[in-house]
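A.B. asks: Here is what each chain is made of, one letter per residue.
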Amino acid sequence: MKPVSAEEAIAMIPNGATIMVGGFMGVGTPERLLDELVRQKKCELTLICNDAAVPGRGVGKLFDAALVSTLTASHIGLNPKAQEQMMAKRIAVDLVPQGTLVERIRAGGCGLGGVLTPTGTGTIVEEGKQQIRVDGKTFLLETALRSDFALIHAFLADYLGNLSYALTARNFNPVMAMAADTVIVTAEHIVPVGVIAPDHVVTPAPLVDHIVANR
Amino acid sequence: MKPVSAEEAIAMIPNGATIMVGGFMGVGTPERLLDELVRQKKCELTLICNDAAVPGRGVGKLFDAALVSTLTASHIGLNPKAQEQMMAKRIAVDLVPQGTLVERIRAGGCGLGGVLTPTGTGTIVEEGKQQIRVDGKTFLLETALRSDFALIHAFLADYLGNLSYALTARNFNPVMAMAADTVIVTAEHIVPVGVIAPDHVVTPAPLVDHIVANR
Amino acid sequence: MDAQTLIARRVALELRSGDLVNLGIGIPTLVANYVPPELKVFFQSENGLIGTGPIPEQGMAHPLLTDAGGRPISALPGACTFDSAMSFGLIRGGHVNVTVLGGLQVDAEGHLANWMIPGKMVPGMGGAMDLVTGAKRVIVAMQHAAKGKSKIVQKCALPLTSSRPVDLVVTDLAVIGFPGGEITLLETAPGVSVAEVMAVTEADLSIPDKVPEMQI
Amino acid sequence: MDAQTLIARRVALELRSGDLVNLGIGIPTLVANYVPPELKVFFQSENGLIGTGPIPEQGMAHPLLTDAGGRPISALPGACTFDSAMSFGLIRGGHVNVTVLGGLQVDAEGHLANWMIPGKMVPGMGGAMDLVTGAKRVIVAMQHAAKGKSKIVQKCALPLTSSRPVDLVVTDLAVIGFPGGEITLLETAPGVSVAEVMAVTEADLSIPDKVPEMQI
Chain A
1 MKPVSAEEAI AMIPNGATIM VGGFMGVGTP ERLLDELVRQ KKCELTLICN
51 DAAVPGRGVG KLFDAALVST LTASHIGLNP KAQEQMMAKR IAVDLVPQGT
101 LVERIRAGGC GLGGVLTPTG TGTIVEEGKQ QIRVDGKTFL LETALRSDFA
151 LIHAFLADYL GNLSYALTAR NFNPVMAMAA DTVIVTAEHI VPVGVIAPDH
201 VVTPAPLVDH IVANR
Chain B
1 MKPVSAEEAI AMIPNGATIM VGGFMGVGTP ERLLDELVRQ KKCELTLICN
51 DAAVPGRGVG KLFDAALVST LTASHIGLNP KAQEQMMAKR IAVDLVPQGT
101 LVERIRAGGC GLGGVLTPTG TGTIVEEGKQ QIRVDGKTFL LETALRSDFA
151 LIHAFLADYL GNLSYALTAR NFNPVMAMAA DTVIVTAEHI VPVGVIAPDH
201 VVTPAPLVDH IVANR
Chain C
1 MDAQTLIARR VALELRSGDL VNLGIGIPTL VANYVPPELK VFFQSENGLI
51 GTGPIPEQGM AHPLLTDAGG RPISALPGAC TFDSAMSFGL IRGGHVNVTV
101 LGGLQVDAEG HLANWMIPGK MVPGMGGAMD LVTGAKRVIV AMQHAAKGKS
151 KIVQKCALPL TSSRPVDLVV TDLAVIGFPG GEITLLETAP GVSVAEVMAV
201 TEADLSIPDK VPEMQI
Chain D
1 MDAQTLIARR VALELRSGDL VNLGIGIPTL VANYVPPELK VFFQSENGLI
51 GTGPIPEQGM AHPLLTDAGG RPISALPGAC TFDSAMSFGL IRGGHVNVTV
101 LGGLQVDAEG HLANWMIPGK MVPGMGGAMD LVTGAKRVIV AMQHAAKGKS
151 KIVQKCALPL TSSRPVDLVV TDLAVIGFPG GEITLLETAP GVSVAEVMAV
201 TEADLSIPDK VPEMQI
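Residue numbers (the numbering used here), protein chains in the order written: chain A, 1 to 215; chain B, 1 to 215; chain C, 1 to 216; chain D, 1 to 216.
Please note that a few of the clues may not be correct.
Below, simulated DSS-like cross-link-like pairs (lysine-lysine); rule was C-alpha separation at most 30 Å, straight line [what the hints assert, rightly or not]:
id : chain 1 : residue 1 : chain 2 : residue 2
1  : D       : K155      : A       : K129
2  : B       : K137      : A       : K129
3  : A       : K2        : C       : K136
4  : C       : K136      : B       : K137
5  : D       : K120      : A       : K81
6  : B       : K89       : C       : K120
7  : A       : K129      : D       : K136
8  : B       : K61       : B       : K42
9  : B       : K137      : C       : K155
10 : B       : K41       : B       : K81
11 : A       : K89       : D       : K120
12 : D       : K136      : B       : K2
13 : B       : K61       : B       : K41
14 : D       : K210      : D       : K149
15 : C       : K120      : B       : K61
16 : D       : K40       : D       : K136
17 : C       : K147      : B       : K81
18 : C       : K155      : B       : K129
19 : A       : K81       : D       : K147
20 : B       : K137      : B       : K81
21 : D       : K155      : A       : K137
22 : D       : K120      : A       : K61
23 : B       : K129      : A       : K129
24 : A       : K61       : A       : K89
25 : C       : K120      : B       : K81
26 : C       : K155      : C       : K136
27 : D       : K155      : D       : K210
28 : A       : K137      : B       : K137
29 : A       : K2        : C       : K155
30 : B       : K129      : C       : K120
31 : D       : K40       : B       : K2
32 : C       : K147      : B       : K129
33 : A       : K89       : A       : K42
34 : A       : K129      : D       : K120
35 : A       : K137      : D       : K136
36 : A       : K41       : A       : K89
37 : A       : K137      : B       : K41
By construction, these hints were calculated from the structure, which means they are not laboratory data.
All chains, full assembly: derive it from the sequences and hints.
C.D. replies: Here it is as structure tokens:
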């Protein structure tokens, strides 16, 4: 797979697209793709990610530029701009327990019909959701999540598209790489095929659509 | 964690226990633990594993010794003894699609209430199961699976209990290591703490209860 | 060319560069032999590998690198391994572009039966139900008839593998598809006439005006 | 000893060798400082790490090794990393022996509210709902009162974090548990009388005949 430029990769994304962005408080986030989203002013985005990061960092840049119209995340408390936009109802925010969020994305990527979880039962999270009884216990049915695009950041990518991640920068990236129609990847290093040992590949190459060249 | 002997490890398992055994056609199976199960004649076992392997190999040894009373697996076609015992109704066999089986075990290990899958709808697999509609599609509710013991085979184990696996010997081992009350592990090599890089650990140490010493 | 080779060669023509492909046991396994090397196809082995290569040379096998039947295989550069949860996440999540499976029966609605003969052969479905339900495209590769009986039937008598219809059936006599949901003869094998196919097919095949011959 | 240190030291006494422990932000984070080194506790950071160590020395941090707040941390020998699916598989699957979390309110039924104040503070629940629902043992570490108002209430006014009751509450004044489902004063802080605790507690505490003082 021949790497593309960040400009070409982001040009594929239309306004109004649903995007998943890997990262946890900006760690393991494809910063270059976010910079390019801002430069190309892709707006009315539906964003699915763990958190809103902080202004100036990671997905925080998308709130700085007011590009997000809908956000699904587990935590936005450390980004005052995202909070402000939510309170002013300029963005619709769906707050989801972090484990439920990652499992919903995994369900979307793995062809499952949803997630049955006790998390959220008896709290405001259960509102409007199907409840399913299994063996005398009650579970919420949380629906599967998918997106048009996933923007992924890896530590190593090879030219086939195999990915490995480093330390706590792995987080949501591997599940999101399974749950989007088009998967766009940046990596700290793009390496020749065979450099990543088979046992150390976390995201198999066939899941990746585009690798963005390092400059 | 101080490694125990295979004798001590298997002595913990009572007759009639439910055990999960890692491996796929005998690859990635803790052979020494199975040999010891046979030596100690642990019987009336409820066995959860991918397949019945072949006579003389992997879980096949448990059928050779007629120790199994109930089997949950996806495929037993290459073990004539298991087939024979099933046909003679000496063992109760629940055949489960392989993807459903691994996902049910994962659900058991991850605290989920079950699995919603389209696999099996409209076939005899759906008999007796709840069907759940989500967004106009029908899914089978497949229940979570757990066991009293999981017998796991890793490539590397460190003395804390961190595990990594090699090549196609990984298979069901990582999910089973999450879904049992007691997890007993053999490994090709038991290595000092720190030898397995953090990014290469597949099963975190706190999941492992006992490591069996190599002789 | 024998029947199995013919089927495998014809199926190989369905694969595209970049495809993630899962081959079942039997005839489907042979398909890998007929994929031109310039076509970069990823072959998955559901026991936990993408990038399966040929059977290793004598003395170069490893007991922990095997196919789904437990036999030694090799891994190509760029191969990757994973656990069964990931393997079936790929299969059930629609990431497998093409699966090629053997069949006992395929019926007029495209339903496949390939995993049991009640009272006789109950090996278990292994990954077949997941593959047929989850793969983007399902191709059945099988003999047209067994012991003189058509395997292309009007309605499957054997237990189904999935309620999801297959996309293509390639036999030693014909290529059969389901355009508009109708079971249709798409191609005949070299030297086989439309009449001959119809004679050995139980299902009511729709026959277009022009039925080309397989190009292999 | 200040209130936070007192709470953290008392909570630390609850941890056992081999425990997998998840500490929330705020006071709970301090607990790690008071675990004796001979106790082999695994600390999880829910962003994907087991084996968190102290804040790294200046010049020895790495931007890809952080805690759940995005701040640099270190990893001890034998640490391991994983994705968020595994991280919450551990949490929701009951593999976390103890979680220590901050609280806004805990009520007489043991219900915890710690993630939002409607109309005022809506940061999101992060991992808190999963931790309270899934961990084997839930300990709340918080001040007994805020701005003169008891945080140990008869019934939570704030939205609950989980319908699953917590196991233990450690404050600067008391240790409170729920034996037999009844909210009970288990220990008082050094120099604090039972009457003083009762005076600043809204919930109807059950008071055993003998209430020992925290041993820290």
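A.B. asks: K61(B) and K42(B) were given as a pair; does the straight-line alpha-carbon distance stay at or below 30 Å?
C.D. replies: holds (12 Å)
A.B. asks: Please work out if K41(A) and K89(A) have their alpha carbons no farther apart than 30 Å.
C.D. replies: This hinted pair holds, its Cα atoms lying about 21 Å apart.
A.B. asks: Does K129(B) pair with K129(A) here, judged by a C-alpha cut-off of 30 Å?
C.D. replies: holds (21 Å)
A.B. asks: Please work out if K40(D) and K2(B) have their alpha carbons no farther apart than 30 Å.
C.D. replies: Since the Cα atoms of K40(D) and K2(B) sit roughly 13 Å apart, the hinted pair holds (cutoff 30 Å).
A.B. asks: CA of K41(B) to CA of K81(B), is that 30 Å or under?
C.D. replies: holds (18 Å)
A.B. asks: Below or equal to 30 Å on CA atoms is what counts here, so check K89(B) against K120(C).
C.D. replies: holds (14 Å)
A.B. asks: Below or equal to 30 Å on CA atoms is what counts here, so check K129(B) against K120(C).
C.D. replies: holds (25 Å)
A.B. asks: With a cut-off of 30 Å on the C-alpha distance, tell me whether K137(A) and K136(D) pass.
C.D. replies: The hint holds at about 17 Å.
A.B. asks: Within a Cα-Cα threshold of 30 Å, do K136(C) and K137(B) meet the stated pairing?
C.D. replies: holds (17 Å)
A.B. asks: Please work out if K136(D) and K2(B) have their alpha carbons no farther apart than 30 Å.
C.D. replies: holds (25 Å)
A.B. asks: Given the hinted pair K40(D) and K136(D), is their Cα-Cα distance within 30 Å?
C.D. replies: The hint holds at about 18 Å.
A.B. asks: Regarding the pair K155(C) and K129(B), is the alpha-carbon distance no greater than 30 Å?
C.D. replies: With Cα atoms ~25 Å apart, K155(C) and K129(B) stay inside 30 Å; holds.
The structure fails to meet hints 20, 29, 32, 37 from the earlier list, while all remaining hints are met.
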